[in-house]
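Below, each chain spelled out in residue letters.
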Amino acid sequence: MKVLMCGNEVLAEASIMAGCRFYAGYPITPQNELPAYMSRRMPEVGGVFIQAESELAAINMVFGASLRGVRAMTSSSSPGISLKQEGISYLAGCELPAVIVNMMRGGPGLGNIAPSQSDYFQATRGGGHGDYRQIVLAPASLQEIVELTMYSFDLADRYRTPVMILGDGILGQMMEPVVLNPESRSSKPGIKKDWILDGCKNRAPRVIKSLFLGEGELERLNQRLQLKYRKIAEEETRSEVLYGDDSTIILVAYGTMSRVSRNVVEGLRKQGKKIGMLRPISLWPFPEKELKILSEKVDKFLVVEMSCGQMVEDVKLGIECKRPVHFYGRSGGGLPTEDEIMRELMTIYSSSLP
Amino acid sequence: MDTIFSKPDSMKDVPTHYCPGCGHGVVHRLICEVVDELGIRESVIGIAPVGCAVIAYDYWDFDVTETAHGRVPAVATGIKRTHPENIVFGYQGDGDLAAIGTAEIIHAANRRENITIVFVNNSLYGMTGGQMAPTTILKQKTATTPLGRDPKREGFPLKVCELLSVLPGVFYAERVALYNPQNVLKAKKAIRKAFQNQIDGSGFSIVEVLSQCPTYLGLSPKDAVKWVEEDMLKEYPLGVFKG
Amino acid sequence: MREDIVFAGFGGQGIMFMGKALSYAAMKKGLFLTWMPSYGAEVRGGTAHSMVIISDSLIASPVVKEPTICAAMNNPSFQKFEAKVKPNGLLIVNRSLVESEPTRKDIDVMEIPATDMAFRLGDPRIANMVVLGALLAKKTILPVESLIDSMKDIIPEGRRGMLSINEEAIKQGYGYGSR
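Protein chains in written order, with this note's numbering: chain Z, 1 to 354; chain G, 1 to 243; chain B, 1 to 179.
For reference, chain Z alone in the conformation it holds in the complex:
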């Protein structure tokens, strides 16, 4: 059955369907509907909701719940996510699962509350310190928020790693019909957690830590993490390709911008123009293989973002700079429209005609 809820609420309900039983967060626009929903819903399912005193406290409460074996989540928007970076680094170092939601708004600094995609670097490079990666998933619709939220908890547990769901103010605030179907998950929970701290009854005591002072110890941890990240890259990269076989130009966009780009592509296809699209669903791992395949067949790429150009670097790396990569973006609350993208595309398109 279809329901009408805003993206923040859909995400909250999906997390509960995924078995999330701990949520801590601090209010910030445009994600306030999420903690408000959790404060109502968590007690109903026997879970815990805490409005923390800060983002630092919230992510560390998640750290505590996670090391105790509970599926845990926190959410925020850009400035708050900056504060959570310390905790994310510790989660990665201690190999603890957690889901972090970023409904991006304009920056830098306090910026504004308008939708934005300008935390791409922070999310995909790791805004915290150290040699770590976090999985980053970018839903483009409310239905996909349901699917990816449930998937993110499975990934977090399977790989013992923080996972970020990267949305924006539009996805958080908007409503569109959505089916809340717990069966739609990609995998089932039930991974045995034989590493949690629950009191050393009938077993040797355990320690969760990220401090490794012995010679070579930390390097060994980092090497192990890198192996894990390689496995994630091999097995969990997700993307969607539209008209990959016969396009001369490929649009690359994620999240909200992929919605707008899709309409542009479908519109131009109706006019017989050979335009296609790549939509990264996982931003890390980035769909490099798919891009490389496309670069063999395509003349040019156009990256569209609600930022001054961040993902454009990954596209260039993905195709090893073999083809021209153009960029169109708006930032600070600007939302590229279909017309604007179309104009940009047609300029590039006509210059590539013989």
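A hint or two may mislead.
Straight line, CA to CA, 30 Å or less: simulated DSSO-like cross-link-like pairs of lysine-lysine [stated by the list, open to error]:
id : chain 1 : residue 1 : chain 2 : residue 2
1  : Z       : 2         : B       : 65
2  : B       : 105       : B       : 80
3  : Z       : 209       : G       : 193
4  : B       : 171       : Z       : 2
Here are the in silico distance ranges between beta carbons for each label pair [claimed, not checked]:
id : chain 1 : residue 1 : chain 2 : residue 2 : range
5  : B       : 154       : Z       : 211       : 50 to 56 Å
6  : B       : 163       : Z       : 332       : 42 to 48 Å
7  : Z       : 308       : G       : 13        : 56 to 62 Å
8  : Z       : 179       : B       : 56        : 16 to 22 Å
9  : Z       : 332       : G       : 102       : 33 to 39 Å
10 : Z       : 317       : G       : 148       : 52 to 58 Å
11 : G       : 139       : Z       : 79        : 36 to 42 Å
12 : Z       : 220       : G       : 5         : 37 to 43 Å
13 : Z       : 125       : G       : 239       : 49 to 55 Å
What the hints contain is simulated information worked out from the structure, not anything from laboratory work. Where a beta carbon is used, it is the ideal one built from N, C-alpha and C, also for glycine.
Chain Z is already provided as a structure; the job is to place chains G and B on it using the hints.
Same frame as chain Z, but now just chains G and B:
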């Protein structure tokens, strides 16, 4: 033959890395004795801070996690709220609790988290080289107050027990010291009470332990203990502030 | 079919709710739709608006820049949105609260004393439903009956007493709009 003294079961049989005369080893042991006496070793989860005691898990023989600097009370909240059957305690130094983690400790206390905090106040930052702590007393020389702490420049010693005791969420706050055997016994009694309170579900308990850091006080272990008794105590009176 | 709709007014006029009501009815009809609020500090300034797009095909961005239909429930919203309505679009003016006179000649303007009508029905807060009824009389996005049917699903349990007055408001608005 009767055994009149032995290593607590909860304590690993290894030498500690602490400097001669440091108070941490004593406080570690007191916690282990209490854990054994209360029979909670299999349900306790300890939280180590950032600071000299960061590797407390090398000495405690039960489940322990490490946290980011100052975030002990937040991590404790996440564990205790999801699994109230575990006995959760945080071990924090003066930098961890009273500087970088001030927000976390006040709000955990104010939320009436049913947790136990052992706060070791040695008046300076040991691990990083003897810098000023929020609890450094006036005129005390440290690596970053070479002329002595001047209230016009560095403000005043932060009194954690006094501060927290006004919060309705705090059930128990006591300051103890380690400068002689009688006080060590009192400290153990206080720590035991702070754990018992949690078992009883009474709410937030904190024990502030005045400790000595001979290395960065620049004193012999004996003189460092004397310094706590004669100088530190003037600023930080012992006793029960709440509960 | 595609309509880009803006409902604008001040807090307390049920601006978000009228968007949700129409969205819900559209969902029941199996149409594509998005709803998007104006959010954050902007809301405190006096005017709030919700944006609804209803279409028979996939909707990209839920942001409405150039509404094909706009309902201005008070004077500041009228002043803010009159210029933004798409040429040949429809501007519904709540004459009870909008003092300004429309200046656009290239759009269809429907004036309706919605708040007065609602007041006569017993509650000025249901001016939003009067306007929705009038809107559906002018534009055949969906049958007015499906909006009326939806009301019982979206009015919260505690306010079921409001059901009949809401229905009546929709009907009167529809009647006014059909003239």
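Supplied distance hint 42 to 48 Å, evaluated on CB atoms of residue 163 of chain B and residue 332 of chain Z: Cβ of residue 163 of chain B to Cβ of residue 332 of chain Z: about 44 Å, so the range 42 to 48 Å holds.
Hint check for residue 211 of chain Z and residue 154 of chain B - Cβ pair distance inside 50 to 56 Å: Taking Cβ atoms as reference, residue 154 of chain B and residue 211 of chain Z lie about 54 Å apart, which means the hint holds.
Range agreement (Cβ of residue 102 of chain G with Cβ of residue 332 of chain Z, hint 33 to 39 Å): For residue 102 of chain G against residue 332 of chain Z, whose Cβ atoms are near 34 Å apart, the range 33 to 39 Å holds.
Residue 308 of chain Z paired with residue 13 of chain G, Cβ distance criterion 56 to 62 Å: The hinted range 56 to 62 Å holds for residue 308 of chain Z and residue 13 of chain G, with Cβ atoms some 59 Å apart.
Residue 209 of chain Z paired with residue 193 of chain G [C-alpha distance capped at 30 Å]: Holds. Residue 209 of chain Z to residue 193 of chain G sits at ~28 Å (cutoff 30 Å).
Range hint compliance [Cβ, residue 220 of chain Z to residue 5 of chain G, 37 to 43 Å]: 40 Å, holds
Range hint 36 to 42 Å (beta carbons of residue 139 of chain G and residue 79 of chain Z) holds or violated: 41 Å, holds
Outcome for the supplied range 52 to 58 Å, where the beta carbon pair is residue 317 of chain Z and residue 148 of chain G: 56 Å, holds
30 Å limit on alpha-carbon distance, applied to hinted pair residue 2 of chain Z and residue 65 of chain B: 27 Å, holds
Distance restraint hint 16 to 22 Å, applied to the beta-carbon atoms of residue 179 of chain Z and residue 56 of chain B: 19 Å, holds
Given pair status - residue 2 of chain Z, residue 171 of chain B, alpha carbons within 30 Å: Satisfied, since the Cα-Cα distance of roughly 27 Å is no more than 30 Å.
Residue 125 of chain Z paired with residue 239 of chain G, Cβ distance criterion 49 to 55 Å: 51 Å, holds
Checked against the numbered hints above, the structure breaks none of them.
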